[in-house]
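There are 2 protein chains.
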Amino acid sequence: MRQVIGSQSPSLNVLSQEPLVAGTPMSLLDGQVVPTNLFFIRNHFPVPAMDADQWSLKVTGKVRDEFSLTYAELKEMPRTELEALLECAGNSRAAIQPPIEGLLWDHSGVSSANWAGVSLRTLLDRAGLLPSAQEVLLIGADRGTEAGESAEMCFAMSLPMDKALDPSTLLAYEMNGVPLLPEHGHPLRAVVPGWYGMTSVKWLVEIQVLDRPFQGFHQSEYYVYRDLGADDGSPAERVTSIKVKSLITWPGRGQMLEVGTHRLRGVAWSGAAPVAKVEISTDDGWEWNAATLQESGSRHAWQQWEYVWEATEPGRYLIRARATDEMNNSQPVSAPWNFRGFASNSIHAVPVVVKRPH
Amino acid sequence: MRQVIGSQSPSLNVLSQEPLVAGTPMSLLDGQVVPTNLFFIRNHFPVPAMDADQWSLKVTGKVRDEFSLTYAELKEMPRTELEALLECAGNSRAAIQPPIEGLLWDHSGVSSANWAGVSLRTLLDRAGLLPSAQEVLLIGADRGTEAGESAEMCFAMSLPMDKALDPSTLLAYEMNGVPLLPEHGHPLRAVVPGWYGMTSVKWLVEIQVLDRPFQGFHQSEYYVYRDLGADDGSPAERVTSIKVKSLITWPGRGQMLEVGTHRLRGVAWSGAAPVAKVEISTDDGWEWNAATLQESGSRHAWQQWEYVWEATEPGRYLIRARATDEMNNSQPVSAPWNFRGFASNSIHAVPVVVKRPH
Numbered sequence: 002m003r004q005v006i007g008s009q010s011p012s013l014n015v016l017s018q019e020p021l022v023a024g025t026p027m028s029l030l031d032g033q034v035v036p037t038n039l040f041f042i043r044n045h046f047p048v049p050a051m052d053a054d055q056w057s058l059k060v061t062g063k064v065r066d067e068f069s070l071t072y073a074e075l076k077e078m079p080r081t082e083l084e085a086l087l088e089c090a091g092n093s094r095a096a097i098q099p100p101i102e103g104l105l106w107d108h109s110g111v112s113s114a115n116w117a118g119v120s121l122r123t124l125l126d127r128a129g130l131l132p133s134a135q136e137v138l139l140i141g142a143d144r145g146t147e148a149g150e151s152a153e154m155c156f157a158m159s160l161p162m163d164k165a166l167d168p169s170t171l172l173a174y175e176m177n178g179v180p181l182l183p184e185h186g187h188p189l190r191a192v193v194p195g196w197y198g199m200t201s202v203k204w205l206v207e208i209q210v211l212d213r214p215f216q217g218f219h220q221s222e223y224y225v226y227r228d229l230g231a232d233d234g235s236p237a238e239r240v241t242s243i244k245v246k247s248l249i250t251w252p253g254r255g256q257m258l259e260v261g262t263h264r265l266r267g268v269a270w271s272g273a274a275p276v277a278k279v280e281i282s283t284d285d286g287w288e289w290n291a292a293t294l295q296e297s298g299s300r301h302a303w304q305q306w307e308y309v310w311e312a313t314e315p316g317r318y319l320i321r322a323r324a325t326d327e328m329n330n331s332q333p334v335s336a337p338w339n340f341r342g343f344a345s346n347s348i349h350a351v352p353v354v355v356k357r358p359h
Numbered sequence: 002m003r004q005v006i007g008s009q010s011p012s013l014n015v016l017s018q019e020p021l022v023a024g025t026p027m028s029l030l031d032g033q034v035v036p037t038n039l040f041f042i043r044n045h046f047p048v049p050a051m052d053a054d055q056w057s058l059k060v061t062g063k064v065r066d067e068f069s070l071t072y073a074e075l076k077e078m079p080r081t082e083l084e085a086l087l088e089c090a091g092n093s094r095a096a097i098q099p100p101i102e103g104l105l106w107d108h109s110g111v112s113s114a115n116w117a118g119v120s121l122r123t124l125l126d127r128a129g130l131l132p133s134a135q136e137v138l139l140i141g142a143d144r145g146t147e148a149g150e151s152a153e154m155c156f157a158m159s160l161p162m163d164k165a166l167d168p169s170t171l172l173a174y175e176m177n178g179v180p181l182l183p184e185h186g187h188p189l190r191a192v193v194p195g196w197y198g199m200t201s202v203k204w205l206v207e208i209q210v211l212d213r214p215f216q217g218f219h220q221s222e223y224y225v226y227r228d229l230g231a232d233d234g235s236p237a238e239r240v241t242s243i244k245v246k247s248l249i250t251w252p253g254r255g256q257m258l259e260v261g262t263h264r265l266r267g268v269a270w271s272g273a274a275p276v277a278k279v280e281i282s283t284d285d286g287w288e289w290n291a292a293t294l295q296e297s298g299s300r301h302a303w304q305q306w307e308y309v310w311e312a313t314e315p316g317r318y319l320i321r322a323r324a325t326d327e328m329n330n331s332q333p334v335s336a337p338w339n340f341r342g343f344a345s346n347s348i349h350a351v352p353v354v355v356k357r358p359h
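Each protein sequence line maps, in turn, to chains Z and D. For the first sequence, the residue numbers in our numbering are 2 to 359. For the second sequence, the residue numbers in our numbering are 2 to 359.
Treat the hints as calculated values from the structure; they're not laboratory data. Among the hints, a few may not be true.
Since copy identity is lost for identical chains, a pair holds within one copy or between any two.
Each computed SDA-like pair below joins lysine to any residue, with the alpha-carbon atoms no more than 25 Å apart [what the hints assert, rightly or not]:
1) Lys356 <-> Ala152
2) Lys63 <-> Pro47
3) Lys76 <-> Gln55
4) Lys59 <-> Arg122
5) Lys356 <-> His219
6) Lys356 <-> Arg239
7) Lys356 <-> Glu238
8) Lys59 <-> Leu125
9) Lys356 <-> Ala237
10) Lys278 <-> Leu105
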C-alpha cells in the first residue's frame with residue numbers, strides 16, 4: 002500500500018446529510034491515496050443496514066449457471082488489488098456558470114484508494130455468459146425516492162460487456178487495507194476504473210446479466226448529458242468515461258506567498274488514456290510550461306505533478322494547470338454546459354498573492 | 002415597520018466562524034425585510050465585547066467642537082428611521098470564474114432591514130465642520146490582524162463629505178425595532194445606503210473628520226478593484242456604490258415545476274439610481290419580458306418583482322432576471338473579473354425542470 006496522508010484529521014465537507022454527500026478537503030488530494038475516513042461520499046439514498054454474515058451476492062440472468070455467494074465464499078476467490086481513483090460525475094460543478102441543478106461540488110468529489118476484492122470477470126466466467134448477454138447490471142441494496150419521481154427505486158447501473166469483462170473492473174470488499182466502511186458500500190461495492198463514480202455501485206446484492214440495454218432512472222434519466230429545451234422524449238448520451246483533469250493542490254486559493262522559489266503541486270488523471278503532460282501557467286494562460294509528472298504505479302490512480310515557480314515580483318497571479326492525455330484530450334477553459342453540470346473539467350485556476358518578505 | 006418574514010426559523014449559512022461570516026438563506030429574500038437573526042453577517046475581526054452603558058462615541062478631528070456622546074444622549078437626539086438593504090461587496094462572488102480570493106458567497110450576502118438611529122449629518126452639524134474637512138472616518142471597536150499583514154489594526158472606513166452629509170447616512174442603534182444584536186454592531190453602527198456594506202462600520206466608537214484622504218488597509222488595499230499582474234504600488238479604485246442587481250427568489254435552483262402557470266418572484270436594487278425595470282427570460286436569454294415591479298416605499302430598500310410564466314411544455318429551462326436602473330445601468334452576462342471578485346452582478350439564472358403532472 003502507498004502512503005496514506007492526513008494525520009491531522011481534517012474533516013469531510015458535508016454537502017448533504019440525507020442522503021450523505023461529503024467532499025474530501027482539497028489539501029488531502031496532495032498524496033497518492035486519501036485516508037478512508039476522508040474519501041468523498043456521494044450517496045443517493047440512506048445507507049442501508051448491511052450485515053456481512055447475513056448477506057449474499059446473487060449472479061443471475063443470461064448465464065448458464067445462476068449462483069449466489071456468501072461473504073466468506075467471496076473472500077476465498079482470487080484476490081485482486083488495485084489503486085484507483087473515483088470521481089463524482091458532479092465534481093467541480095461549481096465551476097460551471099450559470100450554476101445548474103445539483104449539489105454545488107467544488108473539486109472535493111474525487112479521491113483515490115487502494116481497493117481489494119474480486120474481479121467482476123471472475124464471477125461472470127464462473128456463471129458462464131449466454132450468447133444473448135449484452136450488459137451486466139449492478140444492483141445495490143439502497144432504496145428511496147428521487148426528487149420529482151413518484152416510485153421508490155433501488156440504485157442500479159449497467160456496464161456494457163467490454164467494461165464488465167475488463168479485468169480491472171472490481172467487486173471490492175476492502176479499501177486501504179480494511180473492510181469497507183458502511184458509507185462506502187460495506188460489504189461489497191463495484192469499482193469501475195475510468196468511469197465516473199456513479200457506476201461503482203455500493204452495497205451490491207445482485208449482478209444481473211441482461212440481453213437488452215438497461216433503462217433505469219439513474220442511468221437513462223439522471224446521469225445523462227442534457228441541454229436546455231422542451232423534452233421531446235428522445236434518449237440522451239450517458240455519462241461514462243472520466244474526462245481529463247488536473248487540480249492544483251498547493252498553493253490554495255488566495256494563498257499569500259513571499260517573493261522566491263515555490264514548488265507548485267497537484268494531481269492529474271484521465272479515464273480515456275494515461276496523462277501525457279501537465280502544463281502550468283502563472284500569467285493567466287499566456288505562457289505554459291511543463292510540470293514534472295510522477296509515475297503513479299497504477300493506470301487508474303491519479304498522477305502527482307510538481308512545478309518550480311520563480312516568483313520574482315510582488316503582485317497578484319492566477320496559476321493554471323492543464324492536463325492532456327495520450328489520446329490528446331485536453332482541458333477546456335470553460336467546460337461545456339449541460340443541465341446537471343456533469344463532467345466539469347475546465348482548467349483549474351488558483352489566485353495567489355506574492356508579497357515582499359516582511 | 003413592514004412585514005418581517007421567516008417564521009419557520011431557517012438558519013444562517015455560516016461561511017466562517019472566526020471572524021463570523023454568514024449568509025441569509027435565499028428563500029428569505031422573498032419579502033421586504035429580513036428577520037434580524039437571519040440578516041447576513043460579514044465581520045473581519047472577532048465581535049468586540051461592548052457595554053452600551055460604558056460606551057461613548059467621540060466626534061473628533063477637523064471640527065469646531067469635539068464632543069462625545071453616551072448611549073442615552075445619543076438616543077435623545079432626533080430619531081431617523083430608514084428601510085435599507087446592505088450588500089456585502091463580495092456577495093455573488095461564487096458566480097465569478099475562475100473563483101478568486103475570498104469567501105465563496107453565493108447570493109446570500111444581502112439583506113434589508115428597518116433601521117433607526119441618528120443621521121450622521123446631525124452629529125457633524127453639532128460639531129461644526131472646519132473648512133479643511135475632506136472626509137469623515139468611521140472607526141469601529143473591532144481589532145485584529147488580516148491575512149498577510151503583520152500589524153494589528155482596527156476596522157475603519159471613510160466617507161467623502163457629500164456621502165457623509167447625505168441625510169440618509171445613518172448611525173443606527175436599532176434594527177427591525179429592537180437594539181442591534183452584538184454581531185450587527187451593538188451599540189451603534191453606520192448604515193451607508195447605496196454603498197456596499199463594508200462602509201457601514203459596526204461597533205462605532207469614533208467619528209473622525211479628516212483633512213486628507215484616509216489610507217487604511219481595508220479602504221485602500223482590501224476593498225479595491227485590482228487586476229492581475231505585478232504590484233507597481235499604484236493606487237486602485239475603491240469599491241463604493243452597489244451595482245444594479247436582481248435575484249430570483251422563487252423558484253429555487255433545480256426546482257421541479259408542473260406544466261401550468263407559475264408566478265416567478267424576486268427582488269432588485271441599485272445603489273446609483275432607482276430600479277427602472279426588471280426583465281425575465283425563460284429561454285436562456287433569447288426573449289425578455291417585463292416583470293411587474295412593486296414600489297418599495299424606500300429608495301434604499303430592494304423592490305420586489307413578479308412575473309407570470311405560462312410553462313406549457315415539459316423540459317429544462319433556464320430562467321434569467323435582468324434589472325436596469327434609471328441611469329440605464331444594467332446587469333452583464335458575466336461580471337468583470339477583479340482579484341477579490343467584488344461587485345459581482347452578472348444576470349442571475351436559475352435552472353428548473355417542468356414536468357407533466359403525475
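Checking lysine 356 and arginine 239: alpha-carbon separation at most 25 Å within a copy, between copies, both or neither? The answer is between: 21 Å across copies meets 25 Å, while 47 Å in one copy does not.
My question is about lysine 356 and glutamate 238: at a cut-off of 25 Å on alpha-carbon distance, are they close within one copy, between copies, both, or neither? So lysine 356 and glutamate 238 pass the 25 Å test across copies only (20 Å; inside, 48 Å).
Up to 25 Å between alpha-carbons, please classify lysine 356 paired with alanine 237: within, between, both or neither. between (50 Å within a copy, 17 Å between copies)
Taking 25 Å as the upper bound on the Cα-Cα distance, should lysine 63 and proline 47 be classified as within, between, both, or neither? Neither way: lysine 63 and proline 47 sit 30 Å apart in one copy and 66 Å across, limit 25 Å.
25 Å Cα threshold - placement of arginine 122 relative to lysine 59: Result: close within a single copy only, 15 Å intra versus 80 Å inter.
One pair to classify: lysine 59 and leucine 125, alpha carbons no more than 25 Å apart. Within, between, both, or neither? within (11 Å within a copy, 82 Å between copies)
If the cutoff is 25 Å on CA atoms, where do lysine 76 and glutamine 55 land: within, between, both or neither? Let me know, please. Result: close within a single copy only, 15 Å intra versus 72 Å inter.
As a check of your reading, is lysine 356 near histidine 219 (CA-CA no more than 25 Å) within one copy, between copies, both or neither? between (49 Å within a copy, 17 Å between copies)
Within, between, both or neither, where lysine 356 and alanine 152 count as close if Cα-Cα is 25 Å or less: Answer is between: at 15 Å across copies they meet the 25 Å cutoff, but 58 Å inside does not.
Evaluate lysine 278 and leucine 105 at a C-alpha cut-off of 25 Å and name the case that applies: within, between, both or neither. neither (29 Å within a copy, 30 Å between copies)
Comparing the model with each numbered hint stated earlier shows that hints 2, 10 do not hold.
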